[in-house]
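**Q** Next come the chains, spelled out residue by residue.
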Amino acid sequence: MDDDRTDSIRLIRDSAAGIAPRTGDLRRIRALRFQTPGFDRGVWAQMCEMGWPGLLVAEENGGAGQGMGAYCALAEELGAALAPEPLIGASMCASVLRGTDLSRLLDGSALVLPAWQERANRFDVGAETTITNGRVTGTKLFIPGAGGADLFLVAGRDGLALVAADATGVSVRLEKTQDGGEFGTLVLDGAPCTPVAGDLTEALDQAALAISAYLLGAMDRAFALTLDYLRTRQQFGKPIGSFQALQHRAADLKIQVALTRASVENAAAIWDDGGAGRVAAVSRAKARASDAAMLVCRQAIQLFGGIGYTDEADPGLFLRKAMVLMNMYGSAALHRARFARLTPDEDDI
Amino acid sequence: MDDDRTDSIRLIRDSAAGIAPRTGDLRRIRALRFQTPGFDRGVWAQMCEMGWPGLLVAEENGGAGQGMGAYCALAEELGAALAPEPLIGASMCASVLRGTDLSRLLDGSALVLPAWQERANRFDVGAETTITNGRVTGTKLFIPGAGGADLFLVAGRDGLALVAADATGVSVRLEKTQDGGEFGTLVLDGAPCTPVAGDLTEALDQAALAISAYLLGAMDRAFALTLDYLRTRQQFGKPIGSFQALQHRAADLKIQVALTRASVENAAAIWDDGGAGRVAAVSRAKARASDAAMLVCRQAIQLFGGIGYTDEADPGLFLRKAMVLMNMYGSAALHRARFARLTPDEDDI
Amino acid sequence: MVDLDALSDDDFRRTVREWIEAEYPEDLRNPPKRLHWSENQVWYYKLAAKGWLCPGWPKQYGGMGISAGKQIIMVEEFERHGVARTNDHGIIMVGPLLIAHGTEAQKAEFLPKVLSGEHIWCQGYSEPGAGSDLASLRTEALSDGDDWIVNGSKIWTTLANDANWIFLLVRTDKSAKKQEGISFLLVPMDSPGITIRPIWTIDLHDEFCEVFFDNVRVPKKWTVGQVNQGWTMAKALLGHERIYLGSPKLSGYALGRLRDLAERMGVSDDPGFVDTYTKLRLEIADLKALHATYVDVVRRGETLGPDVSMLKVIQTELFQKITDVMLDVAGENAGLLDPMEGNRAFNPGGLFLQARPSTIYGGSNEIQRNILAKNVLGLPG
Amino acid sequence: MVDLDALSDDDFRRTVREWIEAEYPEDLRNPPKRLHWSENQVWYYKLAAKGWLCPGWPKQYGGMGISAGKQIIMVEEFERHGVARTNDHGIIMVGPLLIAHGTEAQKAEFLPKVLSGEHIWCQGYSEPGAGSDLASLRTEALSDGDDWIVNGSKIWTTLANDANWIFLLVRTDKSAKKQEGISFLLVPMDSPGITIRPIWTIDLHDEFCEVFFDNVRVPKKWTVGQVNQGWTMAKALLGHERIYLGSPKLSGYALGRLRDLAERMGVSDDPGFVDTYTKLRLEIADLKALHATYVDVVRRGETLGPDVSMLKVIQTELFQKITDVMLDVAGENAGLLDPMEGNRAFNPGGLFLQARPSTIYGGSNEIQRNILAKNVLGLPG
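Protein chains in written order, with our numbering: chain P, 1 to 349; chain F, 1 to 349; chain X, 1 to 381; chain Y, 1 to 381.
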């Protein structure tokens, strides 16, 4: 990794610490749970001030012109802080919007969220939604933070369109999620819309990798909490971290965290280098991150014992975040199958 | 389980101890390794004297009229002793032979072994072999102990036939196996044969269950050896069995042995009761026994450490026996798929 | 009234099954969470009226007094139908304890009130900070004339907010070794100085509570058995718990929900799913076979050895594994807080979280493996 | 001669690759077992003649003296081509040891003879009964004028039956604490009192030996470094071993054989196999990514931390897992002693057994997890 890249990644981590500190307490997160829209508009405004939704956007379009390395570092920090603000969704939209649509998004005056999914367990843009004559009809699923969106960037059969959340023919049904947020189902019945050029193919992959980085940050912190607990919690007259069976389990979790970090950072580097294997690398990272995050968070509960099962203890917050993210932007199984499809030759052997 | 059944099972275990003691040393087994036919004809004669090849044969046909419960108990004892004598193959033949063919087999004067398999990874009677006009043509694979057979009971497309090992048109190619025995490939080129009534369908299932019981005996003893080692071997100033990580691993192996025992004994009881689920129960037992035996034997090597990797230590004998038997009469995967096919309704839930 | 003892096992089973099917409230079958007294009292009173509340108690105390074999049949039929647990600590813990160790006065005072539903009991064993090391308890009872004065706190007290009595382990001799100096007290929950704090679990349920004791005065006549002999009695009560924690029914129920979910998600015929699902079916089937061997031991009236810990380990980890797969299958629905489509049958996240504590409570699976290693396999140290 | 130092990394890699491809004996690629001197000496002499035998040694001692980065490129190219290890203990262990701690006389005596192939070394560390507790060694050297008198035995001495010299850890002060009082000796294998017993492994190979010392006289001038300071030097030598044990190439090779076998058995397109195989590919790919981060550390000339133990654990368990799957796929052929059809590419049983010791040697994986828990995660005790 060259020095410039390393520097910009360090900078982005430092700036993340100002808004979403990975060592901070989780009172902010708890307070936002189970309240529409599930995130803090003030914090979102700060994130926009920091230029985060435009991190990947080219400088000539008003963005920061950073690469996936920096974006993943940021997403990792947000994951460690369990920040619920809809950065990953907004960033997807920023990658295709231009002009005032983009600047409104970047300056925080209009939150635009992507609405691309039509079926569960899919990682492609839905094909049932129609955009014709400035009207859009269709149903979009699993939109996190939908209760706070001003506009939706809707993927249709033949392109993209922007729809105002309060337009006629638009309805949003909200379902609570385990992390305290909400999934929105967007029902569009001839709603007025503005066509947008471009497509979301690349943005989807970037989002999947960013989610992987977010999961990495979350599992890394859940593991750190667990290690602290193992070092301090006494049972049978000694710290439970001195029991070999738990030590070996901790070693195994450390290995999973390390493999996830290597996988995510490697995928980001391949992406930034524009390598042919970059899409496969995203699938590899997401498969690892989903499985490893669930393993680490499940074990955090187990190693905390009874207290880990209470809502007042923190491990549950991480587990429930992982439950929400594990299958978003493609489950581990989906991404493994995609990896096999993308790289059938196995020239890696 | 009723008392009669319990008694006959205890009796058979006691009698097995006389010939193939589970606590005996393994010098006999080592001495027979990598020598054709891989077993001891004298011991085989003793087994015939005990009536073991006819254990399942009805009393009116000269057998002992015992059930699968007793047969599995015997097979388990033989597994614990790693006895290489071809009891399971001969028992398959005994279940269909009658008259002098049967009595020669039972009294040990003629060893008859079954030749049914034509492809690897299959658990059905091959369909390429033809038996017409007293001549048999075809190729049969994976016949353990073939170097010691006097006759082969060959399964053909339309029935069974007996072929003398020394008849014209018969050739046997021997390949060494990891346990010190041999797989025979039987090539029949218009060899003279005698048709035999009946088919091997039921006998194949009985053999698969007996192999499962043999694996149970082998893994049970490999586990016992391992426990002894854990209790006595000193490292860092204490017995290695006092290290919690190894204790928990031993507990997990114990669980696998217990589940295998429950699975095998349950399948034998279902078989003897003639229940509709008896074939599925055989598949369940073989799937469990194959996987569990490999796990226990692999871990025996690991827990013995360096010494476990030497040929002079005993764990390797058990591992290498398990390598040979794990996929014979159907691999775990094959039997799981068969189980799913046989019981698609899941009324067990 | 039918003489249940005289019935054959098959007739008894049919009798039980028919009655359950006729009487058990449909909306209480296989509840996703432990029910509160407000929800399950209707069934408690039905059982009480039928005389079926306490199968294991002798007839002279108002129990059914049926054989161990018939008790198991009842459990099987209850499980088969998805009957929820009631607030049953009086039935399965306090009753047997008093029948074995209580005074005549205690039996006369308490047993009828369990049978009538007047006393709902909860269990005060675990303490904050003690965790798996149960015997390290610190709640203490100081002698003061005819009373004990109790100070301390208990945690993981199931449904304490439903109960009006609690049975407590307290330390009555601080100078004795850890497992000695512990006594068993019966305490009314409305005693001055008791406060209850519900503990919210990660599935947002208040099944558990913390119970605080601040100079709570307890008459010494409500000490069960000898003073300082409480630990032995408590251990004996835990004896048969593991065979129930090891029942394959819970995993079987979860597997059924997995199958339904896979069908709903359209993956039930995918080879990958079929393979995973078949493995889980086989695990349950073998657990069933193993469990049956322990049930046979109980049926014969013999004592279960420490190897019964295997059942607890197998069943709880299998239950968790099944719910892990549910999340894999559920796609984005894995993250929903409530059941999908408002249908309790499709509740992957809920069942997944419900499965988490099973490897922690009842003696964590780490403790069970220690027991297996030391008490079953004879490993040293 | 080309100045290798002056070449760009890419040019250097190409130069190495072309030479290997031209010179390496085809029949020695990816051998199923560790080769004996009789088999690999042809390659040893080729490397020696080319001046490429000792990439890590400084030029002044006859090494290539190339950068850490270029050394890694050589290892990568050797691995890529399936080049077998030679009898390389002189090159990777004795050479660096003497260069760092040897006297000028020792350097002059021994380094040229490693370079010429005249001295073939083996390593005497482990002892019967010591196992993972290396420091508990009991082979002792008693002072006798200008000599040591050595008594004891060593085990797991790789290819001792090929070697004419051995480097030994011996106890020279029995009163000192375990890790102190250990010294490093260089001993000719033809010394009176040395006997060698090959150890047959479960895959029926004699890669390892036991070496017995019965009053073996060793001149004190062949003590390396300070007396009683041998342990520190030995530990430093082990430092870089784990990154090599953690190289993904071995697993990659095994995965290739798994693919070939699956094709041969006609299951390579079965969904179940594809799923398993893809998981293994992903494991290797992520291991590669992680391994690369450690290689970067070495390339930058920094010291590896104890977390490098992760690589050893991941790679050896992955290697085993791949060969486990090979047995599953092989059907009845899993039980064959020799390769299927006489074709070394289809050798499931052989590769499975070859994978077994990888989790035991080089510090067992249990020891590696202890290291991770204590030295990386800071867990107590």
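Bear in mind the hints are in silico, worked out from the structure with no lab data behind them.
It is possible that some hints are incorrect.
Computed Cβ-Cβ distance ranges for the label pairs, DEER-style [as the list claims (entries may be wrong)]:
{"#": "1", "chain 1": "P", "residue 1": "Arg173", "chain 2": "X", "residue 2": "Tyr45", "range": "35 to 43 Å"}
{"#": "2", "chain 1": "P", "residue 1": "Gly237", "chain 2": "F", "residue 2": "Arg341", "range": "48 to 56 Å"}
{"#": "3", "chain 1": "X", "residue 1": "Asp324", "chain 2": "F", "residue 2": "Thr130", "range": "47 to 55 Å"}
{"#": "4", "chain 1": "Y", "residue 1": "Gly381", "chain 2": "X", "residue 2": "Asp147", "range": "41 to 49 Å"}
{"#": "5", "chain 1": "Y", "residue 1": "Ser268", "chain 2": "F", "residue 2": "Pro344", "range": "51 to 59 Å"}
{"#": "6", "chain 1": "P", "residue 1": "Gly169", "chain 2": "X", "residue 2": "Asp338", "range": "22 to 30 Å"}
{"#": "7", "chain 1": "P", "residue 1": "Arg173", "chain 2": "Y", "residue 2": "Asp269", "range": "39 to 47 Å"}
{"#": "8", "chain 1": "Y", "residue 1": "Ser191", "chain 2": "F", "residue 2": "Gln234", "range": "26 to 34 Å"}
Here the structure is a predicted model, which is why all the values come from computation and not from measurement.
For glycine and all other residues, C-beta sits at the position ideal for the given N, C-alpha and C.
**Q** Take the hints in turn and mark each one as holding or not.
**A** Consistency of the hints with the structure:
Distance hint check for P/Arg173 and X/Tyr45: the Cβ-Cβ separation is about 41 Å, which falls inside the suggested range of 35 to 43 Å. In this structure the hint that P/Gly237 and F/Arg341 lie 48 to 56 Å apart at CB holds, the actual value being about 55 Å. A hinted range of 47 to 55 Å holds for the C-beta pair X/Asp324 and F/Thr130, which are about 51 Å apart. Our hint of 41 to 49 Å for Y/Gly381 and X/Asp147 holds, since their Cβ atoms are close to 44 Å apart.
Between Y/Ser268 and F/Pro344 the beta carbon distance is about 27 Å. The supplied range of 51 to 59 Å is therefore violated. With their beta carbons about 27 Å apart, P/Gly169 and X/Asp338 fall inside the hinted range of 22 to 30 Å. For the pair P/Arg173 and Y/Asp269, the beta carbons lie near 42 Å from each other, so the given range of 39 to 47 Å is met. Evaluation of the 26 to 34 Å hint for Y/Ser191 and F/Gln234 yields a pass: the beta carbon distance comes to about 31 Å.
Hint 5 from the list above is the single one not met by this structure.
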